[in-house]
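Student: Here are the chains, one letter per residue:
2 protein chains.
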Amino acid sequence: MSTAPTDQDTTYHSLVDGAALAGTAGSIRAVNPATNGEGETEFTLLDDDQVTKATEAAEQAFAAYRTITPQQRSAFLTAAAAKIEASGEQIITTAMAETGLPQQRLQGELARTVNQLRLFAKVAETGDHLGVRIEPALPDRKPLPRPDLRQRKLALGPVAVFGASNFPLAFSVAGGDTASALAAGCPVVFKAHNAHPGTSQIVGQAICAAVAEQGLPSGVFSLVYGHGKEVGQALVRDPRIKAVGFTGSRSGGTALMETAAARSEPIPVYAEMSSINPIFVLPSALEKSEELASGFVTSLTGSAGQLCTAPGLLFVPEGPAGDAFVEQISQQLSETTGSTMLTPGICASRKRGEETLAELPGVAQVARGAEGSGENAPAAAVYSTDVSTFLSTAALSEEIFGSVCLVIRYANAAELTEAVTGLEGQLTATLHLDEENADDVAVARNLLPHLELKAGRILVGGWPTGVDVGDAIVHGGPFPATSDGRSTSVGTLAIDRWLRPVAYQNLPEALQPQEVRESNPWHLTRRINGEYQLASRK
Amino acid sequence: MSTAPTDQDTTYHSLVDGAALAGTAGSIRAVNPATNGEGETEFTLLDDDQVTKATEAAEQAFAAYRTITPQQRSAFLTAAAAKIEASGEQIITTAMAETGLPQQRLQGELARTVNQLRLFAKVAETGDHLGVRIEPALPDRKPLPRPDLRQRKLALGPVAVFGASNFPLAFSVAGGDTASALAAGCPVVFKAHNAHPGTSQIVGQAICAAVAEQGLPSGVFSLVYGHGKEVGQALVRDPRIKAVGFTGSRSGGTALMETAAARSEPIPVYAEMSSINPIFVLPSALEKSEELASGFVTSLTGSAGQLCTAPGLLFVPEGPAGDAFVEQISQQLSETTGSTMLTPGICASRKRGEETLAELPGVAQVARGAEGSGENAPAAAVYSTDVSTFLSTAALSEEIFGSVCLVIRYANAAELTEAVTGLEGQLTATLHLDEENADDVAVARNLLPHLELKAGRILVGGWPTGVDVGDAIVHGGPFPATSDGRSTSVGTLAIDRWLRPVAYQNLPEALQPQEVRESNPWHLTRRINGEYQLASRK
Numbered sequence: 001m002s003t004a005p006t007d008q009d010t011t012y013h014s015l016v017d018g019a020a021l022a023g024t025a026g027s028i029r030a031v032n033p034a035t036n037g038e039g040e041t042e043f044t045l046l047d048d049d050q051v052t053k054a055t056e057a058a059e060q061a062f063a064a065y066r067t068i069t070p071q072q073r074s075a076f077l078t079a080a081a082a083k084i085e086a087s088g089e090q091i092i093t094t095a096m097a098e099t100g101l102p103q104q105r106l107q108g109e110l111a112r113t114v115n116q117l118r119l120f121a122k123v124a125e126t127g128d129h130l131g132v133r134i135e136p137a138l139p140d141r142k143p144l145p146r147p148d149l150r151q152r153k154l155a156l157g158p159v160a161v162f163g164a165s166n167f168p169l170a171f172s173v174a175g176g177d178t179a180s181a182l183a184a185g186c187p188v189v190f191k192a193h194n195a196h197p198g199t200s201q202i203v204g205q206a207i208c209a210a211v212a213e214q215g216l217p218s219g220v221f222s223l224v225y226g227h228g229k230e231v232g233q234a235l236v237r238d239p240r241i242k243a244v245g246f247t248g249s250r251s252g253g254t255a256l257m258e259t260a261a262a263r264s265e266p267i268p269v270y271a272e273m274s275s276i277n278p279i280f281v282l283p284s285a286l287e288k289s290e291e292l293a294s295g296f297v298t299s300l301t302g303s304a305g306q307l308c309t310a311p312g313l314l315f316v317p318e319g320p321a322g323d324a325f326v327e328q329i330s331q332q333l334s335e336t337t338g339s340t341m342l343t344p345g346i347c348a349s350r351k352r353g354e355e356t357l358a359e360l361p362g363v364a365q366v367a368r369g370a371e372g373s374g375e376n377a378p379a380a381a382v383y384s385t386d387v388s389t390f391l392s393t394a395a396l397s398e399e400i401f402g403s404v405c406l407v408i409r410y411a412n413a414a415e416l417t418e419a420v421t422g423l424e425g426q427l428t429a430t431l432h433l434d435e436e437n438a439d440d441v442a443v444a445r446n447l448l449p450h451l452e453l454k455a456g457r458i459l460v461g462g463w464p465t466g467v468d469v470g471d472a473i474v475h476g477g478p479f480p481a482t483s484d485g486r487s488t489s490v491g492t493l494a495i496d497r498w499l500r501p502v503a504y505q506n507l508p509e510a511l512q513p514q515e516v517r518e519s520n521p522w523h524l525t526r527r528i529n530g531e532y533q534l535a536s537r538k
Numbered sequence: 001m002s003t004a005p006t007d008q009d010t011t012y013h014s015l016v017d018g019a020a021l022a023g024t025a026g027s028i029r030a031v032n033p034a035t036n037g038e039g040e041t042e043f044t045l046l047d048d049d050q051v052t053k054a055t056e057a058a059e060q061a062f063a064a065y066r067t068i069t070p071q072q073r074s075a076f077l078t079a080a081a082a083k084i085e086a087s088g089e090q091i092i093t094t095a096m097a098e099t100g101l102p103q104q105r106l107q108g109e110l111a112r113t114v115n116q117l118r119l120f121a122k123v124a125e126t127g128d129h130l131g132v133r134i135e136p137a138l139p140d141r142k143p144l145p146r147p148d149l150r151q152r153k154l155a156l157g158p159v160a161v162f163g164a165s166n167f168p169l170a171f172s173v174a175g176g177d178t179a180s181a182l183a184a185g186c187p188v189v190f191k192a193h194n195a196h197p198g199t200s201q202i203v204g205q206a207i208c209a210a211v212a213e214q215g216l217p218s219g220v221f222s223l224v225y226g227h228g229k230e231v232g233q234a235l236v237r238d239p240r241i242k243a244v245g246f247t248g249s250r251s252g253g254t255a256l257m258e259t260a261a262a263r264s265e266p267i268p269v270y271a272e273m274s275s276i277n278p279i280f281v282l283p284s285a286l287e288k289s290e291e292l293a294s295g296f297v298t299s300l301t302g303s304a305g306q307l308c309t310a311p312g313l314l315f316v317p318e319g320p321a322g323d324a325f326v327e328q329i330s331q332q333l334s335e336t337t338g339s340t341m342l343t344p345g346i347c348a349s350r351k352r353g354e355e356t357l358a359e360l361p362g363v364a365q366v367a368r369g370a371e372g373s374g375e376n377a378p379a380a381a382v383y384s385t386d387v388s389t390f391l392s393t394a395a396l397s398e399e400i401f402g403s404v405c406l407v408i409r410y411a412n413a414a415e416l417t418e419a420v421t422g423l424e425g426q427l428t429a430t431l432h433l434d435e436e437n438a439d440d441v442a443v444a445r446n447l448l449p450h451l452e453l454k455a456g457r458i459l460v461g462g463w464p465t466g467v468d469v470g471d472a473i474v475h476g477g478p479f480p481a482t483s484d485g486r487s488t489s490v491g492t493l494a495i496d497r498w499l500r501p502v503a504y505q506n507l508p509e510a511l512q513p514q515e516v517r518e519s520n521p522w523h524l525t526r527r528i529n530g531e532y533q534l535a536s537r538k
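Sequence lines, in order, name chains V and B. For the first sequence, position 305 matches number 305 in UniProt numbering, and the numbering has no gaps at all. For the second sequence, position 209 matches number 209 in UniProt numbering, and the numbering has no gaps at all.
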């Protein structure tokens, strides 16, 4: 195992099957987006054939890894969390230089990442996701006897995970996809994002160290560096890979979906891609417009607008109260300074997106902040249009990743419904209303059934940025928010993505998996004859 | 609504949005496969544009249908079961003429169909599939307060269902896909199989009558006749359709998968397609070879071998005991007479499949029955080969739909493992062993982890034909057994296919859906802070 990437003269490699593997497809260096300066550390890139070593190791590890006890799996995830935490200082320093994200944000993200691993350690140990269902034999049933049937869920197999640029920790090497797949019993081959290779190396080493410490097969986790598209496609085509997790752009996600669907054995792809997270301000919410404007500006500009749930559409009533609200936004936004974006490429793409937006007929700029110091720190900006322009201009539904928002002025509730019906799938939708105001409540009640069909999470009040990682969260939504609206990439339900049910008919107990045995050795909550029987936990 | 198709002079039509809709794309008549004679009744076929009327009606109905109470949904499914049962005699007579299946088999299938509807009525009423998870707000949590988060599952939207030829009732108009989708809250547009249009008409009328009786929107269920491929593709392309259920051939299923993946909004396809259901006879099981041979012949020839779970591969040890077993099969099979297959086309395809098989090098016929009287009643046949031929000949893994089985003689346990590793995904895998024999048990224990990765249901003893519809069954499996190994098309878990989760953050109770309200008005079992709280049911 290599040392950590703060030693500037060292070259770092992919971590494959428990060892560093020098890539033969060139190398990259991290770029500090605040200066556009290259780091001194080199990271070698694997070619397609080398990636196969990781998938072979994952396949090899799968047989043993999927059958360890819930306690062993939980101990492994807990150990990984502890080792990442122990490298916390180094992780934060490296991530700051590689992503331009501020220290406090990264500290919060690190805490979220290790808490997420510990949450999945608990999930793995509890075993509710195993979904055990038992129907004992009924030999005397008429007209036919009932066989003994026992069902449990099983890990799909090795999973390829692609991390996001915008969460170098919580949606990266040890992020939610990795944590939930490992908790399910799937080995993970993680494709590092080239925007934060050093951060990835430290976290990858921590996971590998936990694998070794816990005596697990070394193929349980591999970290691979490579040219994004080539290696990504090779991974998804690899017959040993049985599912894919991805967080990134719509074009990147749909390319993986196509590759996965074209395999001789198609596999599921869970891609979280694109969302513009509409906010609906109902008339009476404007009574607290000052506070609302301030909340909006904070949500829009946090992390340079580079959050999957950042508000991209703000529906505001026409008329003087709405005008005043937009004026307050303009005032408050003018006092903001742009912060550094993740990469020069993301910043360039955001600038192009804003230029396209600004030139569209019927769209006008209504608010603008100041550029930040250093490179890649564009000014936050808000534009405005009306519902009919929005509905007739497809480009206005495209996400601009960064702190750009479109205000849509609406005339009445009917226009709002029409706009919602015209939306694509979203991660979130937010309503601001006065809960005491009967008109607002009536409009909300009418909108909700439409919003439910468009979004994975619906908020009343507050802002969609900030995702609480727990048991009830949904971070998902209909296409193109994700490739598969039947799932979430955050929270305990995310584990369901990596499982499939298997039924056992008339197996003697000695041949049954532990999960379904009469004696319930793992103390699982199970369904017996269709009724839950709660585990007697210690 | 039209009358029933026993009136021979009447022409029948699709049932769309609660009324008969005469198709403009020609018409078909049923063919009696025992005589190849055409029925006198005509069924008009819809063109692509007419099919849109059904999807529009389904979309229209969705808003109201998905929000009715569990009791209302349960009452509707129960009413549909009763109305189908009331037409039982007419259904059986019509189905016998259209499918060549014997009366007793169809009576059993009818009972299964109405029981399945009643099972899903109970599922709908219980509401466990709603998957409610609640995490109440924790305003004092550090470092950040926790919002109130409430999650429930929601129906995906209108579903297109394609019925199978081989189960004119249980996998057809009111089959498992329809029952589970309706129970989930999804309107159904059912594409009738052209092999049993009259049976479809009677069952479709019964469901439409239940829709009307229960005061539900008429678009909740439509039955459409059409040219299979054209209308099928049009349905799956239709933007109002949000998921697809299909039972049929591999080519038919993969064609729908491709169409669904190519939509601007890709949708899930649940296709149950192709399985050869391997049976593994371990050495000591041969001590009861007479009984085993008899069970095998019954499983192979039942319903003319036209069951998704019919045994297509039989692994038998090399050596004298295995030889004797194959001889017993040969003896018993020679006493069987072929029964009528479902359609002339299916019979022709089975004959072609057998011819191809017979000509493959290393494959020899070892057993054959007699042809049946009348048309389309081929003799059952068993061929034999060895493991290395099986593994090196891709054609031997292709399903031949009908009573044709391939015996594979194996030398030892290692060859068996190798053969399993070379299998494609299957609905079932069956082991026959002597549970008292340590060698058999050791071989089984070694095979099971491999079988789990290949099949949705694993049996010890017995035969895979005969699927028990309940809470613990899995009728699914990795591709190509199904398009999506994460699901089952039979049993209560099938409802999960039509749902997606939505989270509600900080909604005032008055705006929350009933499922997640603190007062739990629907008496649901829910997860509160990650722990199940069982419903207090009446």
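Because the hints were derived from the structure by calculation, they are not lab data. The beta carbon of each residue, even a glycine, is placed where N, CA and C say it ideally should be. Certain hints may be false.
[Claimed, not checked] Taking lysine-lysine pairs in the DSSO-like style, the calculated list, with each CA pair at most 27 Å apart, reads:
id, chain 1, residue 1, chain 2, residue 2
1, V, 142, B, 142
2, V, 142, B, 83
3, B, 83, B, 142
[Stated by the list, open to error] Quick list of simulated restraints, FRET-style, between CB atoms:
id, chain 1, residue 1, chain 2, residue 2, range
4, V, 519, B, 422, 50 to 58 Å
5, V, 141, B, 356, 40 to 48 Å
6, B, 421, V, 394, 16 to 24 Å
7, B, 36, V, 445, 34 to 42 Å
8, B, 327, V, 141, 46 to 54 Å
9, V, 392, B, 237, 50 to 58 Å
10, B, 411, V, 519, 53 to 61 Å
11, B, 509, V, 122, 40 to 48 Å
12, V, 239, B, 237, 45 to 53 Å
13, V, 514, B, 321, 46 to 54 Å
14, V, 374, B, 145, 21 to 29 Å
[Said to hold, decoys possible] Now the stretches of chain V that chain B is said to cover, found in silico as 3 or more residues with beta-carbon under 8 Å:
id, stretch
15, 20-34
16, 473-481
Student: Check the following: the C-beta atoms of residue 519/V and residue 422/B are separated by a distance inside 50 to 58 Å.
Tutor: 35 Å Cβ-Cβ, so the 50 to 58 Å window is violated.
Student: If you check the beta carbons of residue 509/B and residue 122/V, does the distance land in 40 to 48 Å?
Tutor: violated (29 Å)
Student: Taking 8 Å as the Cβ threshold, is the statement that the stretch 20-34 of chain V is covered by chain B upheld or broken by the three-residue rule?
Tutor: Violated - the stretch 20-34 of chain V has 0 residues with a Cβ nearer than 8 Å to chain B, which falls short of three.
Student: Regarding residue 392/V and residue 237/B, is the given constraint of 50 to 58 Å on their beta-carbon distance met?
Tutor: violated (24 Å)
Student: Does residue 142/V pair with residue 83/B here, judged by a C-alpha cut-off of 27 Å?
Tutor: Measuring from Cα to Cα gives roughly 23 Å; hence the hint holds.
Student: Given the range 34 to 42 Å, decide if the beta-carbon distance of residue 36/B to residue 445/V lies inside it.
Tutor: violated (60 Å)
Student: Could you say whether the range 16 to 24 Å given as a hint is met by the Cβ separation of residue 421/B and residue 394/V?
Tutor: For residue 421/B and residue 394/V the Cβ distance comes to about 49 Å; the hint is violated.
Student: Look at the Cβ atoms of residue 239/V and residue 237/B and judge whether their distance stays inside 45 to 53 Å.
Tutor: 30 Å Cβ-Cβ, so the 45 to 53 Å window is violated.
Student: Is the straight-line distance between the alpha-carbon of residue 83/B and that of residue 142/B 27 Å or less?
Tutor: Violated, because 58 Å separates the two Cα atoms, which is more than 27 Å.
Student: Taking the beta carbons of residue 411/B and residue 519/V, is their distance inside 53 to 61 Å?
Tutor: violated (37 Å)
Student: Taking 21 to 29 Å as the hint, is the beta-carbon distance of residue 374/V and residue 145/B inside that range?
Tutor: Between residue 374/V and residue 145/B, where Cβ atoms are some 34 Å apart, the hint is violated.
Student: For the pair residue 514/V and residue 321/B, does the Cβ-Cβ distance stay inside 46 to 54 Å?
Tutor: violated (34 Å)
This entry does not satisfy hints 1, 3, 4, 6, 7, 8, 9, 10, 11, 12, 13, 14 and 15, going by the numbered hints stated previously.
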